[in-house]
Every structure is written in C-alpha cells, then in structure tokens.
Amino acid sequence: MHIGNRLKKIRSLKGVPQSKVCKGIVSPSHYSNIESGRYEASEDILESIAERLHVPTKYLVGIHDDSPTTSELLLEYENLVEQDTEQADAFFEKRKKQLEYIPSIHQEMEYLLIRCMHHLKKVEIPEAKERHEELTFYVQEENLGALSNKTNYKFYYVTGLLNFYLRNYIKSYNFFYKASKHAKTEQDEARIHFNLALNYYEINDIHKALLYAQDAKKIYMDHHLWKETIEAYIVLGVLHIEIEDFSSAKEVLKKALNLATEKELQVHSAKILHNLGLIYYKTKEYETSLKYLKESLEKKEKYDNSEIFVTHYVISNIYLETQDFRKLILQLSQANKICRNNIDNYQLKTIEANMEYLLFNVDKYESLIEECLEFFSTNELWDDIIENAKQYSNHLYENRKYKKAFHYLDLELKATKKIYKERL
Amino acid sequence: MKKLLAKVLVIAALGAFLVGGPLSESAGKMGDMPRPHSTFQLM
Numbered sequence: 001m002h003i004g005n006r007l008k009k010i011r012s013l014k015g016v017p018q019s020k021v022c023k024g025i026v027s028p029s030h031y032s033n034i035e036s037g038r039y040e041a042s043e044d045i046l047e048s049i050a051e052r053l054h055v056p057t058k059y060l061v062g063i064h065d066d067s068p069t070t071s072e073l074l075l076e077y078e079n080l081v082e083q084d085t086e087q088a089d090a091f092f093e094k095r096k097k098q099l100e101y102i103p104s105i106h107q108e109m110e111y112l113l114i115r116c117m118h119h120l121k122k123v124e125i126p127e128a129k130e131r132h133e134e135l136t137f138y139v140q141e142e143n144l145g146a147l148s149n150k151t152n153y154k155f156y157y158v159t160g161l162l163n164f165y166l167r168n169y170i171k172s173y174n175f176f177y178k179a180s181k182h183a184k185t186e187q188d189e190a191r192i193h194f195n196l197a198l199n200y201y202e203i204n205d206i207h208k209a210l211l212y213a214q215d216a217k218k219i220y221m222d223h224h225l226w227k228e229t230i231e232a233y234i235v236l237g238v239l240h241i242e243i244e245d246f247s248s249a250k251e252v253l254k255k256a257l258n259l260a261t262e263k264e265l266q267v268h269s270a271k272i273l274h275n276l277g278l279i280y281y282k283t284k285e286y287e288t289s290l291k292y293l294k295e296s297l298e299k300k301e302k303y304d305n306s307e308i309f310v311t312h313y314v315i316s317n318i319y320l321e322t323q324d325f326r327k328l329i330l331q332l333s334q335a336n337k338i339c340r341n342n343i344d345n346y347q348l349k350t351i352e353a354n355m356e357y358l359l360f361n362v363d364k365y366e367s368l369i370e371e372c373l374e375f376f377s378t379n380e381l382w383d384d385i386i387e388n389a390k391q392y393s394n395h396l397y398e399n400r401k402y403k404k405a406f407h408y409l410d411l412e413l414k415a416t417k418k419i420y421k422e423r424l
Numbered sequence: 001m002k003k004l005l006a007k008v009l010v011i012a013a014l015g016a017f018l019v020g021g022p023l024s025e026s027a028g029k030m031g032d033m034p035r036p037h038s039t040f041q042l043m
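From first to last, the protein sequence lines stand for chains A and B.
Residues 1 to 424 in our numbering are what the first sequence lists, from first letter to last.
Residues 1 to 43 in our numbering are what the second sequence lists, from first letter to last.
Keep in mind that the hints were calculated from the coordinates and are not lab data.
Please read all numbers here as calculations on a predicted model, not as lab measurements.
Heads up, a few of these hints could be off.
As the list claims (entries may be wrong) - EDC-like, lysine to aspartate or glutamate: derived pairs with alpha carbons at most 20 angstroms apart:
(1) B:Lys29 / A:Glu374
(2) B:Lys29 / A:Glu380
(3) B:Lys29 / A:Glu242
(4) B:Lys29 / A:Glu189
(5) B:Lys29 / A:Glu321
(6) A:Lys122 / A:Asp89
(7) B:Lys29 / A:Asp383
(8) A:Lys284 / A:Asp344
(9) B:Lys29 / A:Glu78
(10) A:Lys96 / A:Glu47
(11) B:Lys29 / A:Asp205
(12) A:Lys96 / A:Glu82
(13) B:Lys29 / A:Asp344
(14) B:Lys29 / A:Glu244
(15) A:Lys184 / A:Glu78
(16) A:Lys404 / A:Asp344
(17) A:Lys121 / A:Glu51
(18) B:Lys29 / A:Glu202
(19) B:Lys29 / A:Glu130
(20) B:Lys29 / A:Asp363
Please construct the entire structure, taking both the sequences and the accompanying hints into account.
Shown next as structure tokens:
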C-alpha cells in the first residue's frame, strides 16, 4: 500500500483532476509517478498537496502510522455494529469527526469495512456502495494476498453482501465462496451457507439452495443460535414451497413458528405466518390462506412493517383469483400506499391489468400489461416476466395478433433462458 | 423467407397447446424470506 492509493481516493472523492493537484508543486509526470507508486514523495511535497486538497497533513504523511486510540474506536464501533445497530448509529454520530481522516491506510480500510457493514445492516445500499468504492482504492484482488486472513474474510463477506443487495447474484455467490475459504469457525461457515442459500433461491436453483440452507440450519441448531435457526427454517419453508413440496414446507414452518413463539420473536412469527398463508394460496385453500396472511399483517403492522408489501401482494392475488373485485380494489389502494419502490408498483399493476382482463376491459389490460412487461424487461426482472408474457402472448394469439404474440412469446423465452443461464 | 416460415411454424405450434381461459396468478416471488446474515464475527 502506498501514498498513491490515498491520493487517488481523495482526488476521486473530491473530483479534482491530476493536473490541478500538482500545479505549482511538481510536474504532472512526476505527480503521476507518485500516484502510480513508482516515486516516493517527500514530506514537503505531501504537505503542499494536503493543503491543496484541503485534508489534514497527517492524512498524507502518516499513512503507515497505526494509532492505538483509533484501534480502540474501531473495535468499539465494530462490536456495536454487530450487536445493536441503533447504538452503533449513536456511536458513529458522536465519533464521526475522529473517523473522517484516519491517517493509517490499514486502519482506514478496517473502518471502511465496518462502515460498509453498518450501512448494509440498515439496508442503506447506495451508502454502502459508496463506502465500498472507497475501499477498492486500497483493496484489490491482486493485493489481498498481502493482507491478513481476517481482512480477506471481511472484504469478501461485505462484497458478497453488497452484491446480493445489488442483485448481482453470481458475483455475490463468488465472493461468499471466497469468504468461506477464510472462515474460521462453524458459525462463520453457517452464515455463509445461509447467504449462499438465499443466492441460489434468487437464481432459481432451489435444490442447491436447499442443501446450503439445511447445512446452515444444522450448525445454528447445534450451537443453540435460535434466531438464526428460525431464519434457516423459514428459508427451508419458502424453498419447499417453490418446489411445491407443501407438506415439508408446512412441517418446517410449524417448527419455526413454535420456536419463534417460545422465544417471543414476533417479527419472525409474522414472516412464518405469511409463508404458511402462501402454502394455502398455492393449494387454492383461500380461506385458510387469508386467515394466516391477515394474522401476519397484524403482527407486521405492530412490530415491523418493512416487509409488509409482500403480504399485501399475496392477499391481492387471492382476491384476483376469487374474482372478488370489490375487495381487490380496496386491497390494491391499500397496497399502493406501502410500495417501497417501482418494482412493487409494477407488481401491483400486473394484478390491476389481470383484473381489467377479467372485467372485459381488454384495451386497458393490454396497455397496462405492456407497460409492466416493458418495465420488467428494462430492469431484467425475469421472474416477473415469464407468467405475464406467457399470458399476454396467449391472449394476443387468440385475438389473431400474431406478430405481437410472437414478440411476447420471444420475451418469455428470453426470460426463461436468462433464469437458466444465471444458474451456476 | 425461412425466418418467416419459422415464425409461422412457432405460432402454429403455439396454437396447439395455448388454450384460452382466465388469467392465472401474476407470478414473481411471493415468499417472505429473511435478510442475509450480515455480521462479521470471525472468531
């Protein structure tokens, strides 16, 4: 690690070109050699550059000076991030001035890893991405060998997580896989396997997902990590639903529900109730399904409503299936208010489109579904495309609009291919 | 010409198994999954 990494990082964050940084201090070619690590820079030069870039001098002249105070701060911050995000928030607010310019590159790297994880825990993805980009000025695949096992593990783990949230599942898988090579304990391995199961679920390789989830569940259970065990059970439940093995799904979800009730984990209970509701939706036992889904909604409203949309979405689907349009319209207007993003909005729009179809408003159906498919295809949401494109293509075919029917059949094929191709 | 013929064949084949009927579920993933486990705790 050399001063060039630090200089490039500051320049990039402040948006200053090389020519402006070195003007009147050193020649552009000399400066470029400093950044690339070919030349060492004298303290005088670094002081002038620090002044030009408005950063403390120590930030440029002390890149190898680890500070014991910073070490303590980082340790405390990391522990809080692991244990209690709110306390970590408060800690960061209080200490952020001290953490703004950490002279030691090694310590700044540690800080960025913790900060990135802090954002990921709060699902603040753009912020996590920014910290990660800063990190990559110091850590690249080529120099990871020179770093400690712990830093390697943390870097791979955080990068795997970030890519998961960015929906780059193959990348995420690869980084988690690399992290697993540096895992020290069974628990570390369980965490990675749990996340790999989620990755495989997202790319529709359910059988591999099941293997990883079962493995994670076993380790968590052996170590009496109950919250994690429940979560692994939930993953297993959803995976069994995906392959339509409803009796296994019921079995694991009931186990999860008993455990969550015993440990008074209400947010988990709400998730489990949703998934039990989903089983009965799939088996077309709508009354039982609604009973579970509404119970789930109640708990979500009371304890944590961050995942409330998906429950509203399934309920809307039930009213569509049962053609209870009065309830569906009410349900859609409620669900529309809690959309978290455009994906949610368009998922609801597909239900609305199907409702219009059933009400014989064919023109409305056509324009809505085309709009949705356009959005799904631009955003590569292949899962959402398959069924809708198939139905629409079918509809167009029946109405002798063959050219368009072919276009949407082609889209369905493309989506199916993408899903298969994404498998590892 | 060949391309057009292929298209016609595909559409004809389509007709063989695409039968109408009410639209079914809107698809997409409907499970409520936990978030990934995000903790370092390398012990």
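Cross-check of the supplied hints:
With a C-alpha separation of about 19 angstroms, the suggested pair B:Lys29 and A:Glu374 falls inside the 20 angstroms cut-off, and the hint holds. Taking the CA atoms of B:Lys29 and A:Glu380, the gap is about 14 angstroms. The hint holds against a cut of 20 angstroms. Annotation: proposed proximity of B:Lys29 to A:Glu242 holds, straight-line Cα distance about 9 angstroms (limit 20 angstroms). In summary, the hint linking B:Lys29 to A:Glu189 is not supported, as the alpha carbons are separated by about 27 angstroms, beyond the 20 angstroms threshold.
Proposed proximity of B:Lys29 and A:Glu321 is supported: the alpha carbons are some 17 angstroms apart, at most 20 angstroms. A distance of roughly 10 angstroms separates the Cα atoms of A:Lys122 and A:Asp89; the hinted pair therefore holds under the 20 angstroms criterion. The straight-line distance between the Cα atoms of B:Lys29 and A:Asp383 is roughly 7 angstroms, inside the 20 angstroms bound, and the hint therefore holds. Restraint check for A:Lys284 and A:Asp344: not satisfied, since their Cα atoms lie roughly 23 angstroms apart, outside the 20 angstroms limit.
For a cut-off of 20 angstroms, the pair hint linking B:Lys29 to A:Glu78 is broken: about 34 angstroms separates their Cα positions. Between the alpha carbons of A:Lys96 and A:Glu47 the distance comes to roughly 24 angstroms, so the proposed pair goes past 20 angstroms and is violated. As the CA atoms of B:Lys29 and A:Asp205 are separated by approximately 13 angstroms, the hinted pair is consistent with the 20 angstroms bound. A threshold of 20 angstroms between alpha carbons decides the hint, and for A:Lys96 with A:Glu82 the separation of about 18 angstroms falls inside it, so the pair holds.
Between B:Lys29 and A:Asp344 the alpha-carbon distance is near 12 angstroms, which keeps this suggested pair within the 20 angstroms criterion. For the hint pairing B:Lys29 with A:Glu244, the CA-to-CA distance comes to about 13 angstroms; that is within 20 angstroms, so the pair holds. Distance hint between A:Lys184 and A:Glu78 is fulfilled; the C-alpha atoms sit about 18 angstroms from each other, no more than 20 angstroms. Pair hint A:Lys404 plus A:Asp344 does not hold up; C-alpha atoms about 26 angstroms apart against a cutoff of 20 angstroms.
Distance restraint check for A:Lys121 and A:Glu51: the Cα-Cα separation of roughly 36 angstroms exceeds the 20 angstroms cut-off, and the hinted pair is therefore not satisfied. For the proposed pair B:Lys29 and A:Glu202, the alpha carbon gap of about 9 angstroms is at most 20 angstroms, so the pair holds. Pair hint B:Lys29 plus A:Glu130 does not hold up; C-alpha atoms about 29 angstroms apart against a cutoff of 20 angstroms. Of the pairs offered as hints, the one joining B:Lys29 and A:Asp363 is violated, with about 27 angstroms between alpha carbons and a cut-off of 20 angstroms exceeded.
The structure fails hints 4, 8, 9, 10, 16, 17, 19, 20 (numbered hints given earlier, in ascending order).
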